[in-house]
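Novice: Position chain B against the provided structure of chain A, taking the given hints into account.
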Amino acid sequence: MSGLELVDLRVDRGSFHLGPVRCEVSAGSATVLLGPSGAGKTTLLRAIAGFLPLVGGSVLLDGGAVDSLPVERRRFGFVPPNLGLFPQRRVRDNVRYPLALSGATDAAGKAAAWIERFGLTELADRYPHELSSGQRQRVAMARALAADPRALLWDEPLAALDVESRDVLVRMLRDLLETERLPLLLVTHDPTTAFALASRVVVLDAGTVRHDCTPETLARGPLDRFVARFLGYENLYSAHELAEAQGASLAPQLVSAAGAGGLVVPPEAIVWRSDPAGPHAARVAALRWTAAGWVVALRHGSLTFHVATPGVAPGVRIGDRVGIDLVAAELKPLIGVPANGGP
Amino acid sequence: MHRTAIAARALAAVLSASLVGLFVLPVVALFFYAGGSGLAFAAGDSGFRTALEFTLLASGMAVGLGLLTGVPLGYVLARYRFPGRAVLESVVTIPIVIPHLVVGIGLLLLFAPNSPVGRFTAALGIPIFDAVWGVVLVMLYVGASYIVLTSQLAFRSVDEEVIEAARSLGAGPGEVFATVTLPAAARGILTGALLMWARGVSEVGGFLILAYAVYPTTPWNGPVTNAASVWIYNYWGIDPTAAVGASALLVLVALAIFLAVRLLDRSGFAWARGGFFS
Chain A
1 MSGLELVDLR
11 VDRGSFHLGP
21 VRCEVSAGSA
31 TVLLGPSGAG
41 KTTLLRAIAG
51 FLPLVGGSVL
61 LDGGAVDSLP
71 VERRRFGFVP
81 PNLGLFPQRR
91 VRDNVRYPLA
101 LSGATDAAGK
111 AAAWIERFGL
121 TELADRYPHE
131 LSSGQRQRVA
141 MARALAADPR
151 ALLWDEPLAA
161 LDVESRDVLV
171 RMLRDLLETE
181 RLPLLLVTHD
191 PTTAFALASR
201 VVVLDAGTVR
211 HDCTPETLAR
221 GPLDRFVARF
231 LGYENLYSAH
241 ELAEAQGASL
251 APQLVSAAGA
261 GGLVVPPEAI
271 VWRSDPAGPH
281 AARVAALRWT
291 AAGWVVALRH
301 GSLTFHVATP
311 GVAPGVRIGD
321 RVGIDLVAAE
331 LKPLIGVPAN
341 GGP
Chain B
1 MHRTAIAARA
11 LAAVLSASLV
21 GLFVLPVVAL
31 FFYAGGSGLA
41 FAAGDSGFRT
51 ALEFTLLASG
61 MAVGLGLLTG
71 VPLGYVLARY
81 RFPGRAVLES
91 VVTIPIVIPH
101 LVVGIGLLLL
111 FAPNSPVGRF
121 TAALGIPIFD
131 AVWGVVLVML
141 YVGASYIVLT
151 SQLAFRSVDE
161 EVIEAARSLG
171 AGPGEVFATV
181 TLPAAARGIL
191 TGALLMWARG
201 VSEVGGFLIL
211 AYAVYPTTPW
221 NGPVTNAASV
231 WIYNYWGIDP
241 TAAVGASALL
251 VLVALAIFLA
261 VRLLDRSGFA
271 WARGGFFS
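Residue numbers (my numbering), protein chains in the order written: chain A, 1 to 343; chain B, 1 to 278.
Just chain A, with the same shape it has in the complex:
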């Protein structure tokens, strides 16, 4: 295939075992690696780049194995979490570095072209410490692309950016993927980035691939606890928590809907009204304002449901009693995650 292919890749780091990982990233597309801390995402990226030895499997680029090549000959555009910019070099020298190493003709001119493409011309004479986070991210990307890579491996490339800078960079990345026809494998904790860029999502947990699917498939489920959290669901309950719920008249309904991993109660699964009359009631425990509107925390026995209200005012005060009900069709059971030999 044209692009990056991981064939049953395995890495051992002490007692932590990663893999076997099998996935494909076709040219011009992005695959996002997700997973909780310690899942093996960065280990996987560093192993592909050649910084960690494989104990099994293979890394293929455009159909050819590269795992026997040293790091410098694999031609991966690898961007580490803190970017790895050369602190003592100006922006133009950072971007020119790989071109000069390869002996490219007109290295300065080619570097200037990449610098311009990433909107860094005005900043070319600055040192990395004189740049903002977003500007440094762009320098790292320009430098990685100036090396004429065959695939891109980016570890949290858009971390620590404000929303506006992140959106600008996501647009730039999408354009780049289309024009350069490169496969991109990136680690991110940000669902917005993941859904804006990725054509596939690989979820790692304790060194094992839990999901390898499209973002849409991931969102539709079945969900596990990590994916539900990643997607932003707040109302997550374990089966045990539901079974042991005290003073919650909705608990039997929730228990029957739960899966082995518990249950997600999306905001749309809760109908509430300020009139407490009815079979099920709750008390307003907290109110908070978000960009999407008010979020009301409703205390129902020992369970708390967070529900959004679109209005400019929540219409209730903390301590008020309200009536609630469930829309059973909107409840999302969580699948259990099998135990394995993770870290």
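Bear in mind the hints are in silico, worked out from the structure with no lab data behind them. Any given hint could turn out to be false.
[As the list claims (entries may be wrong)] Some chain A residues judged to face chain B by a derived CB distance under 8 Å, without partners named:
no., residue
1, Pro80
2, Pro87
3, Phe226
[What the hints assert, rightly or not] Coverage of chain B stretches by chain A, computed from C-beta distances (three or more under 8 Å per stretch; other residues unrestricted):
no., segment
4, 151-162
5, 172-179
Heads up, the beta-carbon is just placed ideally off N, CA and C, and yes, glycines get one too.
Specialist: For chain B alone, kept in the frame of chain A given last:
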């Protein structure tokens, strides 16, 4: 401000000023007593000029050897984990804690002309006792630790991600060292070299034992001389005025070299700042 805080600040200021005074006043006294005539006498004295010239040669050689051996050792200590590393780190600091007269005695026992090692080095054309190489050896012993320690710190502070980024951009391990690691550590290494040079030039004890008089041996082809510090020590008993003038001149030369290196550091080292491929 609270009176206790004012008193505490005043006490800190007095204590700090006392130490700064201790650092500065002896130098001021030296120049005060030497005066222009003392400096002129020392500069015009062919014996001291020869000793100074010899000291600059020997200290340059020692710093060169210190860089050649100390930077790799600093790199190994900074980058690798291996059994005995902690012991090696302690060994590196031995020269800092041993009295330098004792260093001279130890080196003399090892390199005496009639010792096996002394005979071996002499056979190689590198006599140690009362020769330029003896002075270089003492300077290397008492000063190279500074290069090892500062370069170890400097290499340790180079971000691993920067090195990995360079590798992935196409640089082999040697290229990474030359274009990324060494330039990033250059300032720390330079500081170590300066400290070593200053320590070597100010040494006396080791020279008195191993190389009190220096006889012409390649690469020193001048007349019989001493290290500048030994020359000053000798003249302190014979002609204190000459010794004070020579001391002031030695301080001036040392300050000038410090200043020149610092200016070079501030304005230059293009290779360390991205101009390596220019």
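Novice: If a hint holds in the structure, say so; if it doesn't, say that too.
Specialist: Checked hints:
1. The interface hint given for Pro80 of chain A is met, as the beta carbon of that residue sits about 4 Å from the closest beta carbon of chain B, less than 8 Å.
2. Proximity of Pro87 of chain A to chain B holds as hinted, the smallest CB-CB distance being about 7 Å (cut-off 8 Å).
3. Taking 8 Å as the C-beta contact cut-off toward chain B, the hint placing Phe226 of chain A at the interface is violated, the least distance being around 26 Å.
4. Only residues whose beta carbon comes within less than 8 Å of a beta carbon in chain A count, and the segment 151-162 of chain B has 3; three or more means the coverage holds.
5. With 3 residues having a beta carbon nearer than 8 Å to a beta carbon of chain A, the segment 172-179 of chain B meets the requirement of three or more and the stated coverage holds.
Against the hints set out earlier in the document, a violation occurs for number 3 only.
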